[in-house]
Each structure stands twice: as structure tokens, then as C-alpha cells.
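For the record, the sequence lines run as chains A and B.
In this text, residue positions in the first sequence follow this note's numbering: the first is 28, and each later residue adds one.
In this text, residue positions in the second sequence follow this note's numbering: the first is 48, and each later residue adds one.
Read the hints as simulated data drawn from the structure, not as lab findings.
From the three backbone atoms N, C-alpha and C, an ideal C-beta is built for every residue, glycine too.
Just to be clear, a hint being listed does not mean it is correct.
Said to hold, decoys possible - Distance condition first, Cα-Cα at most 30 Å in a straight line; then the derived DSBU-like pairs of lysine-lysine: (1) K118/A x K284/B; (2) K118/A x K104/B; (3) K676/B x K252/B; (4) K180/B x K118/A; (5) K187/A x K174/B; (6) K131/B x K187/A; (7) K784/B x K284/B; (8) K772/B x K740/B; (9) K85/B x K445/B; (10) K118/A x K84/B; (11) K57/B x K164/A; (12) K252/B x K349/B; (13) K676/B x K740/B; (14) K85/B x K323/B; (15) K128/A x K284/B; (16) K164/A x K104/B; (17) K85/B x K740/B.
Said to hold, decoys possible - To give an idea of the chain B side of the interface with chain A (calculated C-beta under 10 Å), a few residues: (18) P142; (19) L143; (20) D144; (21) C148; (22) R155; (23) R189.
One-letter residues, chain by chain:
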Amino acid sequence: MASVKDVFKSLTLGELVSGLTVTARALFAPKTTVLYPEEKTPRSPRFRGMHALRRHPDGTERCVGCKLCEAACPAAAITIEIAPNERGERKTTRYEIDMNKCIFCGFCVEACPVDAIVETRFHEYCVESRAGLVWTKDRLLDNGARREEEIARDLARDMKYR
Amino acid sequence: MISIEIDGRKVLAREGATLIDAARDAGISIPHFCYHKKLSVAANCRMCLVEVEKMPKLVPACATRVADGMKVFLHSELVLGAQKAILEFLLINHPLDCPVCDQGGECRLQDLSMRCGGTRSRTREAKRVVSPKDIGPLVSMREMSRCIHCTRCVRFCREIAGLAELGMIGRGGDSEIAGFAGRGVDSELSGNLIDVCPVGALTSKPFRFRARAWELSRRPSISPHDSFGANVALDVKDDRVVRVVPRENEEINECWLSDRDRFSYEGLNSPDRLKKPLIRIDGALREVEWNSALDYAAHAIKSLVETHGADALASLASPNSTLEELYLLQKLTHALGSGNVDFRPRRRDFSTDGHRSGIPWLGMRIAEVDELDAALVVGSFLRKDHPLFALRLRRLAKRGGRVSVLSLADDDARIDFHARLAARPSELPAALEAIFRAFARIVGETPPETRALSDATAPYPETDAIRAIAESFVGAKKSAIFLGAAAEHSPNAGRIHAIAGAFARVSGARLGFIGDAANGVGGYVAGALPTGLNAFEMFARPRKVYLLHGVEPELDCHNPAQAVFALRHTELVVVITPFAGEAIPEYADVVLPAAPFSETSGSFVNTEGRVQTFEGACRPLGSSRPAWKIFCALGRLLGLPGFDYASSATVRDEILAPHTLEGREGVGGIGGIGWVEGLDNALDEAFTPLEAKTPAAGALERVSDVPIHFSDAIVRRASALRETKDAAPPEARMHPKTLEDLKISDGERVRVRQAPGKATLTARIDATLPEACVRVAAAHPLTAALGDMFGTLEVERA
């Protein structure tokens, strides 16, 4: 009996219709995807994107060269060299993050006692060689300068949970 | 031994020991800041408070002696609460700047805060700020706000370094550590302040902000600068030595290091380091590959030796070279048929060669110095030549030992001397003999007639000091006569040795040489001794080929002017050295870059005959190579047999008797520590000293010291040490009366003439010198043009 029903259904294209119904429903239903890159989803203030080094409002670097981020990094991606600057302060002469190694765990950010190294919401970087994925101090400071407002706002929002 | 109970555990303790010592001996650590095992007890930090049964209050473990049956609790609620409270107190004013503090990661306060402290601060008040101080180029006192007033530094200066250069001023919350009247710390042991400070208040200036404690790999090594062979640990980062710290060895350096041992590492990283071999091509030194340099050197040596005979070759090594290097150098020289090999460039009198019963040494173990009743040091700028030996003598004098000194200048050794005397260099043997005769008279013996005690020199008047020194040996159970570096470098070295030997025999004292270099004993063990010309003669009678290892003759030789002249007018000079010295382009034809002690393996034999083997701490810089490999390669290229060594250890095993190193595993991971045999300071009967040269009446005698921070090629290149007071340019120092006789005033520029050269220096009054003497330091570029370290010179207004 069941087989007779099946034969009838297939002859009247019932299966096709029911399949197409699903398609048609999806066609007119409200969309949940976005048109990247024209459209973007919202990101959390804790988003772990590209690293940045911050400066104080007076323009001096926040980083004091304590090397805790270097020590905390599980992927050994951070390389720091330090020396006293012209005012005798402890400052970095080299600060590099090798993005080939970085796993975006955020331990460096947690280790930083002065909120100098942060991970920003920015993640849209691409390079054409592996060498380009070694971020120098200049590039990290530049990223910080571009996004300082956003970084400060995100840190402030997250402060009560820290 | 008595029995006490710590936290329920039975512990045996020495009677009279403090609780903290007893616990440490049992392997239990009690938190503390102000306690230091080598310093007096202050009990001011209160960190070591412990609970003792039947005592009403907590007691400081560092100031409480153990008693039989004592029950001590280290982890009771009361003790833990006290520790937490003490840390909270200390942190009221201690800045929380650990991220920028060099002590971070190796800080006692940090460690104890983690171990016993609280987790939250209740302090809302502002912290105290202490102004930074400047106490010299080695130790930083910039962040004195970090000080916790444990006063270890104050006690160190007073008790170990011998002069209270630091003190605590102010009271209560305003108290702070300061130098007196703003003066710095001028001590050859100042670097130990860095180790002694439990927090980051006193830190190393050269190491400032260079690296973190956790980035460094600590490799054991031996200091290559003085005859003690202080045990050091080299902290290495990225194949560079960035810091040197002491490795504890009670028998040698205890837990101390001299500044020279500690800060000389900067020389290892100096821009002067050679990275490639050099050959003289068309009049200038040019970089070449190893094979060309070695081929060139081997061919040139071979053809010159063939043309001029083997005697035309002379080899000179620095006494700071390793045992293996000295052995291979003498093996190479002897295999080529020449006996002109030596390792004692600063010596003048070699008359004892062939008359010694054994290898000259300290005459006792270093640790035995502490047990002496009487000691006499002859011919030594004690504090600068041998900082760690001076430290032991200082302690000996403090404990009641009678320490006397007979030297060339009455320098402040910061030792409470029993008696002290400064004699002119030519009178030094006579003065020693006067002490000997005074002693013999007191004990009623006639001094034996030895040929050393000749009448050629005028007898020295028996002054109070002479009598006092002689008396100090009367009734002494254990006594010693130590001959210092100046006595060894003196042209009267043989005579002084003989007189001191005779005095030692009669008085029952031991005779010892403090030694002037890291491998002063090792050179004798390696047999790097002349059968032909010695270190002085090889330049006095110029040779055709010179093989120099590690020495800079323009600074290291007894007569630098003569040495440089000989080198300039010769056919071939092969230099094996880590450094491109300023004078090298003047005379060198082949320069082979060798690795310094930090980059090679080898052994030093210190003045007590202790063999200490070490490994390289980092890779050789550039294409420099360990010197023992260079000697092996040269030997093979010269077609000599027996230069196929697999490692420096195989060389060492060939030198030392097989049982020397057996059964004694090294301290701190260094393998092979043993004692050499055949140490003996006696001279045989046939010894006759050189004829004494009495300077003409009215002649000025030169007194030269080797400034502590110019003593060898590595130290000379250490930049921070160059800024210390000890590295000030040499002056022509004279007794006020001598200066008056010459009608020269203090601070005037004078021209000092000593054949074959002259030097323009500043005249300076120095009442510590004997009359008719001019103290002009050796081993400095400013005085390198002058002749013998000891001799007569002329001074005139410039």
C-alpha cells in the first residue's frame, strides 16, 4: 500500500514541490548573514584582534619594558630588547610580535601591568609574505595611535570585570 | 650538639648557634631580610619572628640562640600573622614598581610577599619618596625609595669592605641610606652591595635594564683575573655574558667577588673583539680566512726557524691563560727546538729559576689564612692587587690576628694592621732582613748566614715598626710571610724570596706567594718555563720570531718600551688574542682571534694549587676559536707530532697526574677540581741572588703598581670599571719632602724620564710613599713609554 502511495507522489511531483517549498520559505525569510565586507557583525569589547602598543596622552610610550608579556607568551612570539632611554627610564628598543606564532590567547594583555599591549578589535590585516607577519614596535604603536579612542573605551567597559 | 624541635621535627644544632643558622643547617628556611650569614646580626627587619614554646612573645630567629629542648614553631597562626603584618608594614612605603625594577624576578621582598604576604593593600596614603644618590659608576642608588632599611649594605661596608662608607641618616620614616657627606663608595668590593641588598635599592649600573633574571642562563666559570680563582657564574643571554655573580665557595671567595671579577665581563663584549684572523698584506692588517692565516703563520715560522735557527723563536703567554693553552704553547715552542718560552711578562728577576724545590705557591690553603696568629705581607698593594686576600686578612686582624705589612707605599688597605712600613724598592730586602734580625735577636738565635743576606746592601735601621713586626712573630703558633705581586715583580725578587725563606725557617712561619695572575701556579705546572731566554731577556736580546698569546706587551711587560721596540724591529710577530689592541697594527704580522675564558674550556690553577676546570659559557664570537684549538692547528701545520687533541680535557689529562682530579666532583656542576702536586717554596743551597743594585745617592726610584682595573686585557676594556676612581690616569706621586727638593708643587705637570722613554704626568703629594721615590703606575698607556717597572728615573717640570 505504502509503495502505491510513493509511486503516486512521485508521479504528481509532490516531493519536488515540498522541497521547493523549503527553498521558497528560506528565500523570503529574514537573512542572518551579512554582506562582508560591506556589512559587519558587531564585535565584543574583548575581541582579540591585532595587537597594539599604547601611548600616554602626553605621547610617551606606556610600555616600561618589564618583559612580562614576553615571559607569559605560550607561543614565544614576543621579542623585547630594553635599554635606558635618554631620561634614564626603562624603555624598549625593540618590541616584536611574530604573528606566525601568535595564537591570540591574550595572555600578554593580561600580563601587562600598565595596559600597554592590548588586542584591538581590528583583525583585517593581510600580508603577502611570512616576514610581513612580524609586527615591529612602530607598527604596533601606529595601530595603537589609530585606535586609541576605541581601545580606551573598551578597556573602560571591561574594567569592572578585571 | 644539642637537640631542638622545629615544627615538631627533631633537629640537631651546634651549641651557641642562632635559630636561623640551626634551621638553615637542617634545610629549613626562615623568611628574613636583614640577616646575612657573613654579617653581624641587626635583627631590625623582624621578618624572622618565630614562636618558641614558653616564650611570651615572638622572637627573631636571627638573634635567638638555640637551647636544648627548645620547641620552635614556624607555621603557627601567630607567626603567619606576624609575617603578613611585617610585609604589610614594609609595603607601606615600598613602591610597587616591580615591572621596572631590575631586582624583579630575583627579589627577596617579592618572593616573600608571594609566600607569606597578603593579597590586598589597605594603604591609601602616599608613599615616601627618597632622593636618588650617586655612589659611583658601578652601583646604582637611584631608586632608594625601595630601601627597606635592613642595613645590610651599611654592615657590609663596615665589616667586610673595611670602611663605613654608607650609613643611615634621619630617624623613623625619614631614615635613609646615604654616603658620608655625599661621597660615593670607593671600594674594590663595592659590587657585593648589589648582592647584599635584598630589594632593588642597590642595583648594578652596567647591568641596568639589560635583561630579566628569568631570561638568563647561569653557567659556572672561574674568574681569570687574580690568583684566587674566584668562583663565578656567568649569566648569559643571546650568547653574550651580561652579568657576573659569585658562586659560593667557602674555601675561596666565600660569597664575595671583587669589582674586577664582577664587572670585567664588559670587556668580553667590547667592540675591540676580533672576529676574523688578520694578516699583514702590503703594510696593513687585512681580514682573511682561517686557513690562509694559519698556513701563512706556519710557513713563516717554519722558514724563519730554518734560516735563523730555532733560538730565533720566542713565545710569551699571559699568566691569565689557561693551563692547557700554556702547556700547548710551551710544547709547540719546545717542539720547534726553542727554549725561549715564558708566562711571567711582569717579572724582572728570574734568578730563582732552577733553584726552586718546587712550584711557588701560597704555602697554605686559602682557608687556612683565617687560622693564622701572625702574618706579614711583603711588597704588595694589598687591597688593589688581591681584594679577596685583603678581605681575609682584614677579618683576621679583626679577630685579633697580628697582620703586618712591609710594602713600597703605605696605602690604606682598610686593615687594622699590627705594624706597617713602607720602604724604597731597593731597600725592601734590607728592611725584610732587619725584621728577620730583630726577630732572631728577640728569640736569641743567630740568623744563619745565607748568601742572600749579603752585606752588599746597606743595613736598614731598626725602627719601631720593624721591631713591632718582628715581635708579632714571637710566640705565634701559626704564622706566615706572604710575598705580594710587587715583591715578585721587583728586581730583587730572588733576594726577597731567599730572606723571607730564611726568616720563615727560623720563625716557623710559612712562606707563600700571593701570586699575580689567574694561572701563576698553572704556568709552572704546564712547564711554560724558559730553558733559553726568559720573558725579560727575549726582548732585551731581540729574536726574529715572536709568538704572543693573550699578552699585550705594550702594557703587560716589565719593560714595555723595550718589548715594543723588539717587536717592531723583528721579522715575524704572531699574536693569538681575543682583542685588537691599539698597538697590534704596529707590530703584528699575523693576528689569530682567540676566545676569552668565557668562550673556551680550560683550567686554572690558583695560588693554593687548586685546579679548577671550567667550560665555555657561550659560543666564540665571530670566527674566533679557543686558543687550544689554534695551537693544535698550528702544531699540525708545522708538522709537529702530538698535536691531535680531541678536547681541552685530553690536554689537561696529559699535564696533570691522573689521580689529581680523581674522586672530587666539581662544585656547581664544574667537573674536575683537584690539587696539583710538587708545591714548594724552598730554594736550594746553591741559590745566589743577583747582585743588588744600589741606586746612586739622590736618585729617584720608581715604585710601580699595576692599577687594579688595568691588570689584564679583559679588564682594560670594561667600560664601567674605566670610570672608577681606581682607573684614574696615573700620576707622578711623591713624598712631600721629595717634591720640595725638586721644587715642584702639587698638581704641576712634570716630565718623567726613564730610559728609553718619557711621560708627562701630574705631580701629586703622597705622604704614604717613602722619600726619594716616585710612584708611577705601570700597565697604563700613559706610562707605557717608560722603562722598567722598578728602577731609577728623573723628574723635571714640564
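Here's how the hints hold up against the structure:
1. Straight-line distance between C-alpha atoms of K118/A and K284/B comes to about 18 Å, which keeps the hinted pair within the 30 Å bound.
2. Using a Cα cut-off of 30 Å, the hinted pair K118/A and K104/B is violated, with the two alpha carbons roughly 48 Å apart.
3. For the suggested pair K676/B and K252/B, the alpha carbons sit about 36 Å apart, so the restraint of at most 30 Å is broken.
4. About 22 Å separates the Cα atoms of K180/B and K118/A, which keeps this hinted pair within 30 Å; it holds.
5. Annotation: proposed proximity of K187/A to K174/B holds, straight-line Cα distance about 26 Å (limit 30 Å).
6. A distance of roughly 28 Å separates the Cα atoms of K131/B and K187/A; the hinted pair therefore holds under the 30 Å criterion.
7. For the hint linking K784/B to K284/B, the alpha-carbon distance of about 54 Å lies beyond 30 Å, and the restraint is violated.
8. Proposed proximity of K772/B and K740/B is contradicted: the alpha carbons are some 35 Å apart, above 30 Å.
9. Straight-line distance between C-alpha atoms of K85/B and K445/B comes to about 14 Å, which keeps the hinted pair within the 30 Å bound.
10. Restraint check for K118/A and K84/B: not satisfied, since their Cα atoms lie roughly 37 Å apart, outside the 30 Å limit.
11. A hinted pair counts as satisfied when its Cα atoms are at most 30 Å apart, and K57/B with K164/A does not qualify at roughly 58 Å.
12. As the CA atoms of K252/B and K349/B are separated by approximately 49 Å, the hinted pair breaks the 30 Å bound.
13. With a C-alpha separation of about 44 Å, the suggested pair K676/B and K740/B falls outside the 30 Å cut-off, and the hint is violated.
14. Taking the CA atoms of K85/B and K323/B, the gap is about 46 Å. The hint is violated against a cut of 30 Å.
15. For the hint pairing K128/A with K284/B, the CA-to-CA distance comes to about 22 Å; that is within 30 Å, so the pair holds.
16. For the suggested pair K164/A and K104/B, the alpha carbons sit about 56 Å apart, so the restraint of at most 30 Å is broken.
17. Note on K85/B and K740/B: the hinted pairing is violated, with a Cα-Cα distance of about 47 Å set against a maximum of 30 Å.
18. Among the interface hints, the one on P142/B is violated; its C-beta lies about 13 Å from the nearest C-beta in chain A, farther than the 10 Å criterion.
19. At a threshold of 10 Å, the smallest CB-CB gap from L143/B to chain A is about 9 Å, leaving the interface hint in force.
20. Nearest Cβ of chain A to the Cβ of D144/B: about 9 Å, under the 10 Å cut. The hint holds.
21. Evaluation of the C148/B hint against chain A yields a held restraint, the C-beta minimum of about 9 Å falling below 10 Å.
22. With its C-beta approaching chain A no nearer than about 19 Å, R155/B sits outside the 10 Å limit, and its interface hint is violated.
23. The interface hint given for R189/B holds, since its Cβ lies 7 Å from the closest Cβ of chain A, which is under the 10 Å cut-off.
Taken one by one, the earlier hints fail for this structure at numbers 2, 3, 7, 8, 10, 11, 12, 13, 14, 16, 17, 18, 22, listed in ascending order.
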